[in-house]
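A.B. asks: Residues per chain, in single letters:
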Amino acid sequence: MRLVFRIVLVTAILLLLLPTISLSKTKIIFWHMYDSGPGKEVMDEIIGRFNANNTLGIEVEALAISFWDYWDKLGVAMAAGQEPDIFMHDLGNVPSRAYKGVLADLTPYIKAKGIVPEKSFFTVPLNMCKWEDKFYALPFETDVRLLYWNKDLFKQAGLDPDKPPSTWQELWEYASKIDKKSPQGTYDVLGFNPIYGQSYFWMYVWGTGGTFLDNKGNISVNNPTVVKALEEWIGMLNKLGIKELEQFNATYGWGADAFLAGKLGMVIQVGQYAAIIKIFAPNLNYGVTHIPYPVKATWSNGFSLEVSSRSKNKDAAAEFALYLVSKEVQLMMAQRLNSLVCNIEAAKDPSLMQNPEWRLQVEALEYSQFRPFVLEAPVWYEELQKAVDEVRLGRKPAKKALDDAQKLIESEIQKFRLTNKK
Amino acid sequence: MKGHQRKKLLKQNMKGYLFVSPWILNLAFFTIIPIIVSAFLSFTKYDMVNPPRWIGFMNYYIMFKLDPSFWKALGNTLYYMFGSVFMKVFLALVLAVLLNNVAKGMGMYRTIFFLPVVLPAVPVMFLWMMLFSPNGLINRFLALFGINGPLWLSSVTWSKPALIIMSLWGIGGIIVILLAGLQDVPKSIYEAAQLDGANSVQIFWRITVPMVSPIILFCIVTGLISASQVFTEAYIMTGGGPLESTTFVSLKIYLLAFKQGNMGYASAMAWLMFLLMVPLTILVFRIFRRWSPID
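Protein chains in written order, with the numbering used here: chain U, 27 to 448; chain R, 168 to 462.
Rather than coming from a laboratory, the hints here were simulated on the basis of the structure.
Values in this document were obtained by computation on a predicted structure and should not be read as measured data.
Just so it is clear, CB atoms sit at the ideal spot from N, CA and C, and this is done for glycine as well.
Careful: at least some of the hints might be erroneous.
In silico EDC-like pairs for lysine to aspartate or glutamate, Cα to Cα no more than 16 Å straight-line [as the list claims (entries may be wrong)]:
#, chain 1, residue 1, chain 2, residue 2
1, U, K177, U, D205
2, U, K289, U, E270
3, U, K304, U, E270
4, U, K289, U, D205
5, U, K99, U, D116
6, R, K426, U, D95
7, U, K53, U, E85
8, U, K426, U, E257
9, U, K206, U, D178
10, U, K126, U, E402
11, U, K374, U, E389
12, R, K426, U, D116
13, R, K232, U, E436
14, U, K51, U, E85
15, R, K426, U, E408
16, U, K433, R, D234
17, R, K426, U, D178
18, R, K239, U, D430
Partial chain R-side listing against chain U, Cβ under 7 Å, derived [said to hold, decoys possible]:
#, residue
19, M230
20, L233
21, S321
Computed footprint of chain R on chain U, listed as stretches where at least three residues anywhere in the stretch have a Cβ under 8 Å from a Cβ of chain R [as the list claims (entries may be wrong)]:
#, segment
22, 124 to 131
23, 270 to 278
Based on the provided sequences and hints, a complete structural model is requested.
C.D. replies: Structure (structure tokens):
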């Protein structure tokens with residue numbers, strides 16, 4: 027009887043000790059943006075799998091914050107020196123954080139795992155993780171912009187519904203056939219609206235062979251290729267009528283999507299837009315293709331995974347970061363969330379590539395580009411956008427507006443140099 | 168004896184100090200200390216990650232020499248300040264005078280005019296965005312008279328006037344204050360003027376306005392100061408656009424500090440704005456002292 031009691035007591039103590047044993051795992055904090063819906067489900071599962079792997083001895087504590095609140099919260103946390111060990115961030119401006127010294131260099135961890143980054147990840151997003159030839163981030167997810175066209179509207183306009191435009195010239199031609207105006211002069215149906223959806227001027231510059239860099243690699247928004255592109259772009263807007271376009275945009279803002287409503291012949295949207303069509307306009311007869319060219323071009327953005335340089339558990343955080351970009355996880359995200367992942371093996375998995383829409387995205391990723399990053403003026407493209415708007419509103423001619431924008435960007439660069447010493 | 172008195176006084180007031188202490192602590196920690204710190208930060212480069220680094224007057228130099236957008240923002244702010252305050256005060260005065268003559272149901276009218284002030288700002292702004300949309304109610308109303316309305320919030324010329332028109336929404340507060348002032352004006356003065364054959368316009372300009380001028384001054388000064396801090400409208404409704412036509416100084420400071428992580432420069436901007444507001448307020452006081460017949 028006494029023996030039984032003793033055994034019970036010992037087991038009880040051991041059971042009580044168990045949680046303390048698991049508590050001795052290294053704990054790291056991870057912030058991400060999958061705060062609702064299937065995204066949250068999948069992310070919870072991904073983290074759960076990692077935590078269940080006891081050989082690693084790492085416990086990830088995740089916090090999901092909505093995209094809209096994420097940046098302010100992370101910014102404040104960084105200012106307080108209390109950022110999470112590992113976090114998602116903007117793939118477009120990794121070097122600005124690397125420069126400040128917030129990010130841990132991940133190159134040794136990548137090497138230690140025997141990963142050759144150039145072979146594992148798509149070059150375009152991978153290059154955005156580099157700063158002074160070291161990797162300060164891992165490419166997590168990216169996107170590409172594609173052209174969607176409404177086959178029914180093509181038919182009605184007497185166009186071949188299976189032949190989308192392949193050049194910008196064809197696009198303008200087709201668009202003018204689709205346009206339908208109301209007696210008041212507003213557009214009932216519009217062929218293509220250059221200032222709607224994900225259509226941005228810089229994509230047009232790339233698509234017509236232009237560049238924002240001079241031959242020394244410095245930012246240049248007033249070089250002849252950009253001026254020419256802007257003149258053409260504004261010419262198209264003027265032809266369509268700027269006020270009418272603004273009215274169209276005002277009618278189809280606020281979650282009322284003109285393409286889904288069948289009022290827009292063609293639209294430039296992100297790859298994941300196909301999933302939105304399936305939910306909100308399942309009967310829409312549409313096609314997807316590359317953005318028209320003389321030069322194949324599209325624009326990418328994305329999210330990176332970054333490890334804090336001030337983290338006490340950088341090894342564990344890097345381990346988790348590498349797990350998140352592993353084939354297993356990235357394939358799961360691609361299959362279940364339609365997320366355009368950066369891991370080549372995952373993205374090119376046969377189960378995904380049999381879907382032509384997916385294949386198109388992967389193809390586009392080969393020629394896509396990010397906006398060039400300028401450490402001294404990370405938001406230089408806002409000045410470009412302002413110049414475009416000024417020309418659009420008829421306040422300045424294209425050359426003058428772009429010259430002024432260039433001056434502002436250069437004074438931004440000068441400001442940075444005056445206040446930063448290194 | 169004195170020491171004893173002081174002790175007694177302290178003892179008597181101890182409870183009072185205790186009760187106000189939360190407010191005093193709040194003022195010290197969340198207002199006074201940040202003000203002092205921001206003055207220091209304005210002379211530094213501070214990216215909110217690395218410790219601030221002293222750069223002397225560089226931020227101020229940049230503001231004067233390299234940043235035309237600051238002066239544009241300042242111009243926008245002054246435009247909005249004077250536009251909205253003078254329109255608000257003038258309209259409020261007219262409405263208050265009219266209301267003052269209402270024989271019955273004054274309380275009801277007062278409530279109706281004050282009601283918009285009570286509503287939360289952000290939903291109201293969304294409402295106004297709909298009103299100002301190119302096919303919104305305002306343009307439809309104008310169309311009834313054959314006027315082709317502007318694009319309001321998406322137009323560089325009309326975005327600020329649109330925000331000023333919207334600011335009239337909060338006119339109720341001023342009306343209530345002016346009404347209280349109007350009721351203090353002795354009836355005998357009006358009667359005397361009427362006997363002398365003054366018409367209502369003369370009565371308004373010669374009697375009403377001078378009699379309530381201290382209150383008008385109060386409304387203008389407080390109005391200018393609060394309008395100089397205009398932020399939410401631009402942040403929610405226009406994001407500072409189109410073409411920075413609604414980028415007010417406070418929005419610019421916010422964007423610099425919290426979106427671009429340039430806290431030192433943002434602090435310098437805040438201080439310059441403060442240094443500009445002080446003489447402006449003094450100037451307004453001076454002008455009114457000369458203008459007003461009553462001290």
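A.B. asks: Each of the hints needs a verdict: does it hold here or not?
C.D. replies: Checked hints:
Only pairs whose Cα atoms come within 16 Å are accepted, and U:K177 paired with U:D205 is accepted, the gap being roughly 14 Å. Annotation: proposed proximity of U:K289 to U:E270 holds, straight-line Cα distance about 14 Å (limit 16 Å). Of the supplied pair hints, the one linking U:K304 and U:E270 is violated, its CA atoms being roughly 29 Å apart against a limit of 16 Å. About 9 Å separates the Cα atoms of U:K289 and U:D205, which keeps this hinted pair within 16 Å; it holds.
For a cut-off of 16 Å, the pair hint linking U:K99 to U:D116 stands: about 14 Å separates their Cα positions. About 12 Å separates the Cα atoms of R:K426 and U:D95, which keeps this hinted pair within 16 Å; it holds. Of the pairs offered as hints, the one joining U:K53 and U:E85 holds, with about 5 Å between alpha carbons and a cut-off of 16 Å not exceeded. Note on U:K426 and U:E257: the hinted pairing holds, with a Cα-Cα distance of about 12 Å set against a maximum of 16 Å.
For a cut-off of 16 Å, the pair hint linking U:K206 to U:D178 stands: about 14 Å separates their Cα positions. Simply put, U:K126 and U:E402 have alpha-carbon atoms about 12 Å apart, close enough for the 16 Å limit, and the pair holds. For the proposed pair U:K374 and U:E389, the alpha carbon gap of about 10 Å is at most 16 Å, so the pair holds. Pair hint R:K426 plus U:D116 holds up; C-alpha atoms about 13 Å apart against a cutoff of 16 Å.
This hinted pair checks out: R:K232 and U:E436 have alpha carbons roughly 13 Å apart, not beyond 16 Å. A C-alpha spacing of about 6 Å is found between U:K51 and U:E85, which places the hinted pair at or below 16 Å, so the restraint holds. Annotation: proposed proximity of R:K426 to U:E408 holds, straight-line Cα distance about 13 Å (limit 16 Å). In summary, the hint linking U:K433 to R:D234 is supported, as the alpha carbons are separated by about 11 Å, within the 16 Å threshold.
Our distance criterion of 16 Å between C-alpha atoms is broken by R:K426 and U:D178, whose separation comes to about 43 Å. Simply put, R:K239 and U:D430 have alpha-carbon atoms about 15 Å apart, close enough for the 16 Å limit, and the pair holds. With a least beta-carbon distance of about 10 Å to chain U, the hint placing R:M230 at the interface is violated under the 7 Å criterion. Annotation: interface hint on R:L233 holds; nearest CB of chain U at approximately 5 Å, less than 7 Å.
The closest approach between the C-beta of R:S321 and any C-beta of chain U is roughly 6 Å, which is under the 7 Å cut-off, so the hint is satisfied. Note: the segment 124 to 131 of chain U has 3 residues with beta-carbon separation from chain R under 8 Å; the three-residue rule is met and the coverage holds. Check result for the segment 270 to 278 of chain U against chain R: holds, 4 residues qualifying (beta carbon to beta carbon below 8 Å, three or more required).
Figure legend: structure checked against the earlier numbered hints; hints not met, in rising order: 3, 17, 19.
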